[in-house]
Amino acid sequence: MTSVSEVPDKRMTPDEVVARLRSGMTIGIGGWGSRRKPMALIRALLRSDVDDLTVVSYGGPDVGLLCAAGKVRKVVSGFVSLDSIPLEPHYRAARQAGSVEVAEWDEGMLLLGLMAAAWRVPFLPTRAGLGSDVLTLMDDLRTVTSPYPGPDGSAPEELVAVPALELDAALLHQNRADRAGNAQFLGPDPYMDEWYAMAAAETFVSCERIVDTADLAASGTFHTQRISRMHVTGVVEAPNGAHFTECPPDYDRDEAFQKAYATAASDPEAWAAFSARFLELDSEAAYQEAVAAWRAEQQEGAK
Amino acid sequence: MSEPTRADICVVAVAETFRGDGEILCNPIGTTPMLGGRLARATFEPALVMTDGYATFTASNLAPGVDPYRSDGDRPVGVDAVVETWNPYPQMFTVLWNGKRHVMMGATQVDRYGNQNIACIGEWRQPRAQLLGFRGAPGNTINHTTSYWVPNHSPKVLVEQVSVVTGVGYDRAAELGPVASRFHEIRRVVTNLAVLDFETPDHRMRLRSVHPGVTVDEVVEATGFELVVPDDVPESRPPTPEELEIIAALDPSGLRLREVAG
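Protein chains in written order, with the numbering used here: chain A, 1 to 303; chain B, 1 to 262.
These are computed hints drawn from the structure, not numbers from a lab.
Beta carbons: idealized from backbone N, C-alpha and C, even for Gly.
Heads up, a few of these hints could be off.
[Unchecked claim] Here are the computed distance ranges between Cβ atoms for each label pair:
{"hint": "1", "chain 1": "B", "residue 1": "Lys100", "chain 2": "A", "residue 2": "Tyr251", "range": "52 to 58 Å"}
{"hint": "2", "chain 1": "A", "residue 1": "Arg226", "chain 2": "B", "residue 2": "Asp67", "range": "20 to 26 Å"}
{"hint": "3", "chain 1": "A", "residue 1": "Ser5", "chain 2": "B", "residue 2": "Arg70", "range": "35 to 41 Å"}
{"hint": "4", "chain 1": "A", "residue 1": "Glu300", "chain 2": "B", "residue 2": "Arg19", "range": "52 to 58 Å"}
{"hint": "5", "chain 1": "A", "residue 1": "Val4", "chain 2": "B", "residue 2": "Lys100", "range": "41 to 47 Å"}
{"hint": "6", "chain 1": "B", "residue 1": "Thr240", "chain 2": "A", "residue 2": "Arg277", "range": "54 to 60 Å"}
{"hint": "7", "chain 1": "A", "residue 1": "Pro122", "chain 2": "B", "residue 2": "Gly78", "range": "56 to 62 Å"}
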């Protein structure tokens, strides 16, 4: 029988992950909008005194919550949205108050920036951005002239040089992982998570369930095993850890809770109450209990 | 057969936007655009490739707003649709940079050269109203054909000057020169009142047709800049009886009527 090597054990708690983060860092956050966001890790970050962050994200409530908590110096994003609610309320408020520096890139440019960092090149060229105000308004974007002739003997083309988005740390949420950090997505879309993992000096993956490496095959084909442990520093078992964002097939978005979040976000008093009930807690377990109690109340009220 | 509604006229006008596109990704965003794309594929553009709005290209004519995904515990997520190709977001960017795509986006503001704004209203550094951001508009407009859907034709949408250029219009494309802009095309702006195009010598927006029941003066009045108005402005064509049946089947709950009244 073929022998099997034992994999390293990199299991951590959310608070142990956050203990490795420092104020002033550039942090990439996986997922997309209100989809498979590493919310348990974000909630742990909210409990910490880490701030002055540059956040790179296809943003959703991760960006909104960090902005609302005053932890963000700069947001680099392709958008910040809750999907079923098009505008993230805290991000919108921060923008309209001018309280946070932002780089709003074309969505595809963000992928190129992560790829450039992953491949350790200073930039990647693209046509995306030419002629638009992405180039005139974002201070961090430059163009580059091709060293090759243009088509049909024309002058060399000028293209946008998307700078590498080098990350100090990446926070991701996946459906399954083993104790070494080999991670598996089971939903319709991997998003850019594997690129964040390679663009970052340290990557932390939370997941719905940690299983033995051999058992990853029980949940999906090997095509779903996209992130290698060599790009992962720590792995966290966080059931329901993407709540209230979606994490299919494990669970859908908690639309009722997201709506409550967005409603509370539009009013300072309501937000203080929401924050006290769901965020100013001492652990992820306490959050999950508070959500369960809220859901029971909603069901009771619906009767 | 009942009379076509304004919404049905709009669906047909959107479908016409994709005429001649052949075997490319027809990627309309929103209820009426999605119905128009599906109608084009069901009738005169059968080779069009279309998405489920999420992560696949699907041969299924999903109704607008239908999420075909189902979760069943430990297995990877399933799809209640005929999947032609898996096309998650990382792959979608490759598709659009490759160029075989015609997208129809919304526009909070659009000007006479087809510059689109969906980012914000007011000064970008501290906007009066934050909107969607740039999303994929810069990359879309410089890489492949783009059209716009405006369900509320008014001087607040069709404006003299957009707050921020997210999608590149013809004047900006001309400044870039013929090489950099060789994949740029803004084909149509379909609104609840009319169809507009840029088929003029300097690519200024032109009134292509008015929907039945709408006058040229109404469209001019509802536009915040000077439109190119030909001497003879035809009416947008009504749906055929067959098309009306297809539209009704594609949108059984009548979502299109919530987007366009009348």
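Original post:
Quick check: which numbered hints come out false for this structure?
Top reply: As far as the earlier hints go, 1, 7 are violated by this structure, in ascending order.
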